[in-house]
Amino acid sequence: MVKLTLTGNHCVAYAVKLSRVKVVSAYPITPQTTIVEKLSEMVDSGDADIKMIRVESEHSALSAVYGAATAGVRAFTATSSHGLLYMHEMVWWTAQARVPLVMAVVTRTIGPPWNIWTDHHDIMGQRDTGWLIVMAETNQEVLDETIKLFRITEDPRVFLPGMVGLDAFILSHTVEPVEVPEQEVVDSFLPERRQPYTIRFGDPLIMGNIPSDLLLNAKMRWDVHEALGRSTQVIDEVDREWGKLTGRYYGGLVECYRCEDADFLFIGAGAWVGDMRLAIDKLRDMGYRFGVLKVRYIRPFPGARILEIARGKKGVVVLDRSISAGSAGPIFLDLAAYFQGKNVTIPIKNVVAGLAGFDVNYEDFVKIGERFVNEVSEVGWVENHLEFYPLR
Amino acid sequence: MEVGNPLLPLSRPKIGVQGATGSWRFRKPEIDQGKCIGCGICWLYCPDSVIDVEDVGGRFKVRVDYVYCKGCGVCASVCPTKAIRMVSEV
Amino acid sequence: MGLIAERSLIELRFHGRGGQGAVTAAHITVDSAVRDGFWGTAFPFFGAERRGAPVAAFARLSRGRVMTRSMVRNPDVVVVLDPSIMSYVNVFDGLKDRGIVVINSPTRPNISREVKLYTVNATRIALDLGLVLAGWPLVNIAMVGALSRVLGIRLDSVLESIRNMLSGRMAELNVTAAERAYHEVSEIGGG
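Chains as they are written, first to last, in the working numbering: chain A, 1 to 392; chain B, 1 to 90; chain C, 1 to 191.
Bound conformation, chain A alone (with noise of 0.2 Å):
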């Protein structure tokens, strides 16, 4: 184990090499470009052994390591924002393939204006795909979690591909200490690649043909949502896994804060969690016991974990990053589902903030805690489920 400062590109850079990838192939956009910047070094000196593909689109870049992982060798891509969106396609594709491969990408807003500062528009769109999702607080748990995700992956009880998500420039160009394991770890915890199908010369094999049985159509898609179900707890025994050997454990699907004897929580994803996290400090010092949920996979969604959790609380906030415009947010929507259907009846507000990089601080979140926390004790319930931070 080595402590290097790192940015966060830099960080999916090592965890790729270290899970030892074949194939890379992306196409550069900001905040992405040092991923592969750095993979290109990596080959350049001959530390990584890499065949990196150009390709003129993400369209491409994600084509090109789906037919390498149908070949049967561990693909890797990045993206972000219009990138993600012109790959979109193929994010359903490799997903219905059930072809394990691993993509990174940067958390950015979308245009227009053209704006490359965070928000989660980009992945939360991908969230009906097929993909395992999960977003990132810190540099070290996008490292962690990007070498965790081949495991994952790659699991017979998965075979679906996963994205792990990290924010614009909060992330991706922030340098922080980061403790990268030795290469004969992660060897240790990444076994031979499994796939549920090969590709290869001399046994010819359709995928994708027009099918003849619709609903064995039918239940393929189903099985998607059933794979994904059954991720759940692979996503936790890998989690305990890499604990064992890292000493870093992170709760699997989600991670606590405070949690056990707070009245409120606050729930989110991505790395302004880290302010959440402050904030709930001073608003405990001002008399407001709150902890913090957070969600660390979008896919699958963690609603189980969520409620035992959130179950006899006072009172939740979800804090989105983007919006389902002309709904609410995707974490809110999918949390509220899961909780009607338990029958469960907690006061949620869903507050949509950091909309476009617009920057979000503790002292933010200490603002939106005592605000919920008063609309909640005066009016016994929340007034308005939706808020849009900071306007008022």
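Derived from the structure by calculation, the hints contain no laboratory data.
Nothing here was measured: the structure is a model prediction, and the numbers come from that model.
By construction, the Cβ of each residue, glycine as well, lies at the ideal position given by its N, Cα and C atoms.
Where hints are given, some of them may not hold.
[Claimed, not checked] Derived CB-CB ranges, DEER-like:
(1) Gly2/C with Glu41/A: 30 to 40 Å
(2) Lys282/A with Lys96/C: 13 to 23 Å
(3) Gly52/C with Lys314/A: 32 to 42 Å
(4) Arg7/C with Arg258/A: 47 to 57 Å
(5) Gly67/A with Ala171/C: 51 to 61 Å
(6) Trp92/A with Asn164/C: 21 to 31 Å
(7) Pro113/A with Pro109/C: 34 to 44 Å
(8) Gly2/C with Glu56/A: 48 to 58 Å
(9) Lys51/A with Val17/B: 30 to 40 Å
(10) Glu363/A with Glu114/C: 22 to 32 Å
(11) Val132/C with Arg258/A: 48 to 58 Å
(12) Arg163/C with Pro113/A: 39 to 49 Å
(13) Lys282/A with Gly94/C: 14 to 24 Å
(14) Phe26/B with Gly67/A: 50 to 60 Å
Following the hints, put chains B and C in place on chain A, whose structure we already have.
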């Protein structure tokens, strides 16, 4: 091939999944063996893989499997020496 | 000197021009502090940067993990790599009361507010050593040397960090530059 637990959109190529598709044809390709140079472009382009190029005593010979040929005419249109002609069958 | 051991969190802002190495300076500052057992984060101003245009980079140093990801709004320390930008950029914007300012300057700059002011002639050091790239004196790492003295980061940690991040002749020249700046930086007192 190793197929795991998931339901997979996989199939194996085999001959004549849709039956004898030659019956769909209303015109058929005829090869003028005198003009044919055995380049194999028709073999490459045939969407139904019903064309074979065989080596007959040092000369390439094009053969069409009329049981499955649907008569689309792609071979005739790509032939560089116009050795393939579409002939009406109705 | 020895600020880093006294405060639970120090927030820094580096001012320079695009291409001058403000981001690298912030990175080496953090990397050096981490070698001394502290925690730190460093990040660029989040935007498109152009060579020659005024830019800023940021860092946070702490005994424990830095949780916040937000912009540095009220720095404790401001480092100015190129004093000529001070005529059109307010480098003191948001600076905390009695904040620290470290400026690359051959003379005592005329500053109208109360700050703890330190100067070092990093341009001279760079020119003496022939640390020049495309006509520009490379002052960024010398400024880290000066800053480390002000903050109380061990010089050895800075030199280790430089050797880790750069290689060959550039590493050795910058090591010398950082050492010289470390010893030459002087406190000017309140303005």
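Among the hints numbered above, which are violated by the structure, and what are their numbers in rising order? The structure conflicts with hints 3, 4, 5, 6 and 14, although it agrees with all the remaining ones.
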